[in-house]
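Novice: Residue numbers (the numbering used here), protein chains in the order written: chain A, 24 to 233; chain B, 24 to 233.
Just so you know, not all the hints are guaranteed correct.
A pair holds if it fits inside one copy or across any two, identical chains being indistinguishable in the list.
What the hints assert, rightly or not - Calculated pairs, BS3-like style, for lysine-lysine (alpha carbon to alpha carbon, straight line, at most 27 Å):
{"id": "1", "residue 1": "K186", "residue 2": "K217"}
{"id": "2", "residue 1": "K174", "residue 2": "K217"}
{"id": "3", "residue 1": "K186", "residue 2": "K227"}
{"id": "4", "residue 1": "K186", "residue 2": "K42"}
Honestly, the hints are just simulated from the structure, not real lab data.
There are 2 protein chains.
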Amino acid sequence: MTGDDLKVKRYPDRAVYDKTELMRILGDNMFCNVSFISGNIPFSIPMMYSSREMSVYLHGSPDSRLINFIKSGGTFSIEIVKIRGLVLATHIKDNSVNYESAVAIGKGMEVQDLEEKSDSFMALCEKIAGGMWDYYHQPSDDDLRHVSVIKIDIEDFSVKIRKGGPKEDNPDGGLWTGTLDLECHYSNPTAYGKFSGDLPDFLKSILRGK
Amino acid sequence: MTGDDLKVKRYPDRAVYDKTELMRILGDNMFCNVSFISGNIPFSIPMMYSSREMSVYLHGSPDSRLINFIKSGGTFSIEIVKIRGLVLATHIKDNSVNYESAVAIGKGMEVQDLEEKSDSFMALCEKIAGGMWDYYHQPSDDDLRHVSVIKIDIEDFSVKIRKGGPKEDNPDGGLWTGTLDLECHYSNPTAYGKFSGDLPDFLKSILRGK
Chain A
24 MTGDDLKVKR
34 YPDRAVYDKT
44 ELMRILGDNM
54 FCNVSFISGN
64 IPFSIPMMYS
74 SREMSVYLHG
84 SPDSRLINFI
94 KSGGTFSIEI
104 VKIRGLVLAT
114 HIKDNSVNYE
124 SAVAIGKGME
134 VQDLEEKSDS
144 FMALCEKIAG
154 GMWDYYHQPS
164 DDDLRHVSVI
174 KIDIEDFSVK
184 IRKGGPKEDN
194 PDGGLWTGTL
204 DLECHYSNPT
214 AYGKFSGDLP
224 DFLKSILRGK
Chain B
24 MTGDDLKVKR
34 YPDRAVYDKT
44 ELMRILGDNM
54 FCNVSFISGN
64 IPFSIPMMYS
74 SREMSVYLHG
84 SPDSRLINFI
94 KSGGTFSIEI
104 VKIRGLVLAT
114 HIKDNSVNYE
124 SAVAIGKGME
134 VQDLEEKSDS
144 FMALCEKIAG
154 GMWDYYHQPS
164 DDDLRHVSVI
174 KIDIEDFSVK
184 IRKGGPKEDN
194 PDGGLWTGTL
204 DLECHYSNPT
214 AYGKFSGDLP
224 DFLKSILRGK
């Protein structure tokens with residue numbers, strides 16, 4: 024049943040069911056949406072994640088409604104979406120968006136091993152910036168015991184990718200048509216603490232104009 | 024029932040139930056996630072939208088599974104998430120993210136009026152870039168008849184916002200702590216058509232370094 028629900032019905036030429044592609048997308052992103060049902064209504068909530076091969080790690084408070092929902096065997100899915108840019112056709116009806124997206128389902132279990140918990144935090148830090156994990160105070164064993172880490176082993180998934188230029192039957196040669204990339208970067212570091220030294224190198228490396 | 028499901032349980036101090044805030048977030052963004060249930064599994068799918076006051080317009084093919092699900096009275100919700108930046112504490116366990124998010128539920132109905140359909144496309148174009156609607160070929164009546172536009176009147180919602188610096192009990196004064204903004208912009212215009220003239224002004228205005 025689940026496999027069929029994940030099959031891409033619209034634009035099946037954009038669908039990919041290759042684990043390597045999924046793992047690349049998991050590695051390239053750090054936010055996902057977790058979809059779940061509450062009171063018969065489907066909702067989705069954004070969460071940070073890290074991944075290792077076909078497993079996704081979510082972090083949360085032991086009080087979190089969503090963490091407890093997953094731990095207790097509730098049915099959920101995970102979506103990752105990266106908008107790559109706009110596709111502008113000469114007819115507005117033919118406009119599109121370039122993107123990469125993945126939908127995945129699997130079982131979630133709580134991670135008890137403190138080293139595995141710690142590794143999942145390290146992986147998330149390294150996604151943000153190499154060197155961040157070593158610069159800041161890493162979680163102690165006691166810290167790790169007070170946070171919930173959920174590991175999701177992906178059992179089924181689909182990936183959908185749209186790339187390239189516009190597709191329209193009768194483009195107007197007198198108008199500009201093509202793509203714009205959407206670029207995101209970190210900027211404007213704003214200090215809040217008492218520290219008066221330079222911005223650490225690992226942060227400089229992820230700022231615009233590095 | 025629905026109102027209770029939308030109440031923010033974790034960090035209730037971050038919750039807002041003000042229509043003005045919701046309409047600002049609707050106006051500031053153009054991608055949402057639509058959550059729905061298929062084969063007993065909750066999924067979410069990204070879609071572009073435009074809005075007018077407390078209504079959201081989604082565009083899709085009349086063949087789209089999701090459009091037909093909403094038209095047929097299926098239960099769904101809409102989520103909008105904007106990640107504003109990273110919040111770096113001196114202890115990794117206290118890191119956070121600044122964001123704005125909205126969750127909304129309501130009934131969806133298909134728009135039949137061609138002028139209202141056209142207006143919803145115009146609103147989406149104007150979100151992307153002022154002047155875009157006038158530069159390109161606008162949809163004809165026939166085009167409009169071949170696309171489905173769903174109007175969702177929002178009946179209940181919650182907004183959640185996290186802003187400002189890190190919150191930690193014992194910050195280490197010897198380490199940099201603060202926020203980084205996440206900035207997104209369009210760049211790298213790539214022409215696909217035969218048009219050899221300058222990039223139109225409305226596009227220049229939304230590129231980085233405008």
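Novice: Between K186 and K42, at a C-alpha cutoff of 27 Å, which is it: within one copy, between copies, both, or neither?
Specialist: This pair counts as within: shortest intra-copy Cα distance 19 Å, inter-copy 37 Å.
Novice: Measure nothing new, just compare the shortest in-copy and cross-copy C-alpha distances for K174 and K217 to 27 Å and report within, between, both or neither.
Specialist: neither (37 Å within a copy, 50 Å between copies)
Novice: Give the relationship of K186 and K227 under a CA distance limit of 27 Å: within one copy only, between copies only, both, or neither.
Specialist: Classified as between; 22 Å across copies, 31 Å inside a copy.
Novice: What label fits K186 with K217 when the C-alpha limit is 27 Å: within, between, both, or neither?
Specialist: between (46 Å within a copy, 19 Å between copies)
Of the hints listed earlier, the one the structure fails to meet is number 2.
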